[in-house]
Structures are given as structure tokens and as C-alpha cells.
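Asks: Going down the list, the sequences are from chains A and B.
Going by our numbering, the first sequence opens with residue 62, and the numbers climb by one from there.
Going by our numbering, the second sequence opens with residue 5, and the numbers climb by one from there.
It should be emphasised that the hints constitute simulated quantities derived from the structure, not laboratory data.
Because the structure is a prediction, the values reported are computed rather than measured.
The beta carbon of each residue, even a glycine, is placed where N, CA and C say it ideally should be.
Hints are supplied without guarantee of correctness; some may be wrong.
[Stated by the list, open to error] Computed, partial: chain A to chain B, Cβ under 8 Å: (1) GLU163; (2) LYS310; (3) LEU329; (4) ALA511; (5) GLN565; (6) ASN568; (7) GLN569; (8) ASN576.
[Unchecked claim] Stretch-level coverage of chain B by chain A, calculated; a stretch enters the list once three of its residues show a Cβ under 8 Å from a Cβ in chain A: (9) 24-32; (10) 35-41; (11) 52-66.
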Amino acid sequence: MKKRQQYELYSHPQVYTLKELLLSCSERFGEKPAFRFQRRKSEIVVSHLQFKNDVMALGSWLWKEGHQKCHVAVLGENSYEWILSHFAVTCGGSVIVPIDKELSGAEAVSLVRESDSTLLICSETYWDVAEQIREEIPQLTCVSMKEIPRCIEKGNELIQTGYADYQQVKISKEDLASIVYTSGTTGKSKGVMLTHENFATNSVATCCNVMIKGPSILLLPLHHTFGFVAGVTCVLYYGYHVYINSSLKRLMDDFQKAAPQHLSLVPLILETLYKRIWAAAAQQGKDKALKLLVGVSNILLKLKIDLRKKLFKSVLKAFGGNLETVISGGAPLDEKYVKGFHALGITIINGYGITECSPVVATNRNNALRNKTVGFPVCCNEVRIDQPDAQGNGEIMVRGSNVMIGYYRDQQSTDDALQDGWFRTGDIGRIDEDGYLYITGRIKNLIILANGENISAESIEQEVYTIPYVKECIVYGKEQLIAAEVFLDEEVPNARVSIHADIQKINQRLPRMKNIGKVIIRETEFPKTTTKKIKRNYGG
Amino acid sequence: MIQRLTEIIREHTGNKNLTITEDTILIADLGLNSLDLVNLACLVEDEFDVEIPDRMIKNFKTVRDVISFIQEQ
Chain A
62 MKKRQQYELY
72 SHPQVYTLKE
82 LLLSCSERFG
92 EKPAFRFQRR
102 KSEIVVSHLQ
112 FKNDVMALGS
122 WLWKEGHQKC
132 HVAVLGENSY
142 EWILSHFAVT
152 CGGSVIVPID
162 KELSGAEAVS
172 LVRESDSTLL
182 ICSETYWDVA
192 EQIREEIPQL
202 TCVSMKEIPR
212 CIEKGNELIQ
222 TGYADYQQVK
232 ISKEDLASIV
242 YTSGTTGKSK
252 GVMLTHENFA
262 TNSVATCCNV
272 MIKGPSILLL
282 PLHHTFGFVA
292 GVTCVLYYGY
302 HVYINSSLKR
312 LMDDFQKAAP
322 QHLSLVPLIL
332 ETLYKRIWAA
342 AAQQGKDKAL
352 KLLVGVSNIL
362 LKLKIDLRKK
372 LFKSVLKAFG
382 GNLETVISGG
392 APLDEKYVKG
402 FHALGITIIN
412 GYGITECSPV
422 VATNRNNALR
432 NKTVGFPVCC
442 NEVRIDQPDA
452 QGNGEIMVRG
462 SNVMIGYYRD
472 QQSTDDALQD
482 GWFRTGDIGR
492 IDEDGYLYIT
502 GRIKNLIILA
512 NGENISAESI
522 EQEVYTIPYV
532 KECIVYGKEQ
542 LIAAEVFLDE
552 EVPNARVSIH
562 ADIQKINQRL
572 PRMKNIGKVI
582 IRETEFPKTT
592 TKKIKRNYGG
Chain B
5 MIQRLTEIIR
15 EHTGNKNLTI
25 TEDTILIADL
35 GLNSLDLVNL
45 ACLVEDEFDV
55 EIPDRMIKNF
65 KTVRDVISFI
75 QEQ
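Given the sequences, and given the hints that come with them, work out the whole structure.
Replies: In C-alpha cells, the structure reads:
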């Protein structure tokens, strides 16, 4: 296959486990900052070497306390302690189970139970959830993240007295590192089993595709693999530091403090930031001038004259003044934002990933961007299109060292997803003559929100069907909202009026991310397949 | 209070003619996304001198929820 736009991959030392990745960063970058974050009113800076030492100390304490080769759930907002817990657990051969902090207490209980976790590390903010879980699972040990500095102290004392059991644990690339729960198509979460090799090789391969030239701010939730890999391990592996944003409320302040060169974001944040740029310009009566300047700059760019850093200095200052590249993933990003940011001097690198692939499957490359594509497959995986149609569109299949080993305690789903070593993504795409991957549709009934959240359509439809006069319903994503399209029993008086109030009652009991934002009433039944199922691709 | 909130939401959405009642649903009626709600929370914090924990923001579904929270503070 001809690949005109492809160029040599960026080179990095290969590692096969998270422990090797940690040690490699510590050896290569030593005293360079690895993390920065605010604690009360002061800023904390942790070097790569200090991070490794903290991991070893916390891990030694956990090991000594008897938490060996076990499953450990972690719950909390993004923090240094969250990341530290992940590495301390996995570098000792135990398995980390990140819990989505947006889940209800009952859902968190269910995941802790299903994952066979025996220890929960939880932040103070979510301690009430920890107590709820412990009530249901009394044998569970809970450690507060607030206690971690004390645990590190005790771990360091152990190490100083010659205790080396934890540090000597041999980690193999095949060892299970994490069980990450993701939305299943039927609404039941599935535990994606990811090994050390999955995480380590995906991190390195992503670094080979994308050049990072400076620090980053962590904005994505760590329980998502995209947040953990693109937001943390890739930045560390380049030797830069991660500024940990603990609340989106402080986002604009943090841009000033961190002055990032690079970000990993989901479309929701990118779109909102873009709209804010123009809203701020409009408020100051400068939107017309900015539009004019963009036009002039675009003409100059065609003449190979790049003055964007000077022309849009005040716009870029809002992002700290140094922002150059943003990896966008988790959901499709409208092309207008890619072009809009490019015009202002910020390069959007579109990528594609899925939790089952640890997660990065493909990314554009800094100097080989192609709009409407998600770029080239990363070097740790192969991508092929299954049974392509006349236009080359078919299911995207992935094979490589980043592909999960299966779903935890779910052989049927594992067998359905992994066939002859290939993972069926459930996404439809095609590959062009230059090797760029396009995402063109989905097989699975998942709604991908702009924040990257995957919502099972069926789980919401089940709720809508509890309204007795709803005869047929499908739920899909529409203009950033969840839309419920319904066909009603017209014999029920006022059905067309009461449907709106009844949907709001459903919204009250659903988590906000599953709220139905739009109700569409059909005049006729839905088109059906030969087996009388509603044709799903009708919607959206 | 509803008047002050209306002003804040109008400012945030840029829609000067927006009519808001206590039953207005933030996402469905105003078309706000989760990040807009975070921004709205910041504006409410400044206007009413309250602190809204991040976890609380996800519980705001209607304007009434926001008013109740402010009143409880």
C-alpha cells in the first residue's frame, strides 16, 4: 500500500510492562518534573524519580499489609494519589479496577463485587460511596487517599530497613494489570481485561505516532484508558510533566499556571473552548476583527507565511500561551473545529481508540494530518476492514499487543469480540489508498456522547418502554443530546401531551449523562427488518 | 433569586430573551452540556457567594435544583 503522507515513526525505547515504563522514565528523566498539582494553596512538584520512589514506598506498604496479587478498586477525582495508586498496585502484580466516579453507589457496589476487589482506595470526596460499598461488602478493606502520604512514609521506613519483597516482584508482560468497566450494548457493564503489555506497548506506540514537545494538563477522567494513557503515560514517556487539574471549574486558571504545550481532550471540551473563544471576542466587540484576522492568516498560510503565534497571541494566552497540539479522541470531532483551531495556531490531532485496545488504535501524525480521518494505525496494532462493501466500508478489526485478553468472567462476550486473534470493534470504517483510517459508522447500539461517554441505547429504551402507551421506541444521539423517538398508542387520550412529562420522570431517576434531551413523536411505525426488529440505523 | 439566575443564564447562553422558570430543565430546555453546567456553577458561585462541590453539579437538573442548593447554603 502506498503511503505518501507517512514518515518515519518517532523513536522511543520499547517497554513491555508498566513497571518497566516507570523505571525507564525515572532513569531517563530523574529530577525533571513528572507531576504538578495544587494542594490547598501551594503547588506541589513531583519529579520522575520521586514518583518512582513514591510508587515503591506505597507498593511496599500495601504488600506488607497483605494486599498481594489481589484486585484493587480505585475511586476518586483525578489526583496524584489516584495515579500513584494505579502504579503501586500494578507494579506489584495486583490488578487495578478503576471505578467511574459518576456511577451511583449501587452501581459502584456492583462493579467492586463483580471484579472480586478486596481493597478499595478512595478519595475523601467519595468516602460516602466507599462506606456504602463496605456496608454491602463487609470483607472489603478501604483505604482513604488522604492516608496515602502516611502510607508512603511507612513504606519508606520499610525500604530503609531492607524490606524489598515488593520491589523484587517480577512482572511479566502477560500479567493482568487492570479491569476497566465499559458500557456493554445491553446496558450491562463489561470488564475489559488489559495486561501490562497492552498498556505499555500502546503508550509507546502512541508516542511513536505523535510528537509531544512540552507539558500537558490532565483533564480527562483517569478511569478512562484514554485519560490514563494519552493523558498520563504518553506525556511521562516523553519526559514532560502532567499538570493535574482536579476540577473543570479551575480549568482556565490552570491553563495560566501550567502553560501546556499539549493536551488530550474529548470533543465536548474542544467544542466548548472554541465557542468560548468566539463568545469572548464577541463580548469585547472584537469578533469581526478576529474573523478578518483569521482570513488574512489563512491566506498567508497558503503562501507559507505563518504568523499565527503573533496574530493570535491574545487568544492563545487564554490557554497559557504555549498550546500547540491537542489529541482529540473518544468521540468524533466536527471538522469545523479542527479547521477553526488550526487557523488560530493549534493543531488538532484526531485519533481513534476503544477501551478494548488500551485504547489507542490510530492517530493522525503531527506532520501528516488529514481531515475527516483518524490517521494511521499505531505501530503496536494492525487494522483491517472486514467484508468491505463497494466503497471499502466494513467493520474495523484490530490485532496487536494492545488488544485485551478478554472480558472478565464473560466468556461469551469474549468469544463474540475476539475472533482468530482479531478484535471486532463494532465500528464501521475504511482505509484509503494512503493508509488513513476513516470512521464511517457503528454496528453496536452505543451512543457516543461528545465527552466520550458511551451510553447503551437499549438501557434507556428499557426505561422508555415502562411508559404504557409507548408502542415503539429507539434512542440515539442527536446534536449532542440523547433523543428518544417514539411511536405512541394513539388510543390513549393525551398521549402526545403526557409523553413529555413522563420522559421527565424517567430523567429524574436516570443519571444525568443518560437524560433524554429530545422527544420525537412518530406518526407511523418504525421501518422493520425481515425479522420485525426496528431498523436501528433509521435513527440519528 | 430567579431573576438573578435568569440574568446569569442569559449571560452564559448569550440569549438575552430567554425565559426561565423553576421548572426549566438545564439540559433539555436550555441545551446546556455538562461543561456548560460547570461554567454555570462558577458563575453561580461568584454571584451568590457559595461553593458548589463538583459532585453537586451533576445533581442540577432543573433551575429549581440550583435555587434549592443556594437556599440551603
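Asks: So, for every hint listed, does it hold in this structure?
Replies: Do the hints match the structure? See the list:
Checking GLU163 (chain A) against chain B by beta carbon gives a least distance of about 7 Å; that is within 8 Å, so the hint holds. For the restraint placing LYS310 (chain A) at the interface with chain B, the shortest Cβ-Cβ distance is roughly 5 Å, inside the 8 Å limit, so the hint holds. Interface hint status for LEU329 (chain A): upheld, as the beta-carbon distance to the closest one in chain B is roughly 6 Å, under 8 Å. Hint status for ALA511 (chain A): holds, given a least beta-carbon distance of 7 Å to chain B, under 8 Å.
Because the smallest distance between the Cβ of GLN565 (chain A) and any Cβ of chain B comes to about 7 Å, under 8 Å, the interface hint for this residue holds. For ASN568 (chain A), the suggested interface contact is upheld, since its CB lies about 7 Å from the closest CB of chain B, less than 8 Å. At about 7 Å, the closest approach between the beta carbon of GLN569 (chain A) and any beta carbon in chain B falls short of 8 Å, and the interface hint on this residue holds. At about 6 Å, the closest approach between the beta carbon of ASN576 (chain A) and any beta carbon in chain B falls short of 8 Å, and the interface hint on this residue holds.
For the region 24-32 of chain B, the proposed coverage by chain A is satisfied: 3 residues have a C-beta within less than 8 Å of a C-beta in that chain, meeting the threshold of three. Using a Cβ-Cβ cut-off of 8 Å, 5 residues of the region 35-41 of chain B lie near chain A, which meets the minimum of three, so the contact claim holds. A count of 6 residues in the region 52-66 of chain B with a Cβ less than 8 Å from any Cβ of chain A is obtained; the coverage claim is therefore met, three being the minimum.
When the structure is compared with the earlier hints, no violation turns up for any of them.
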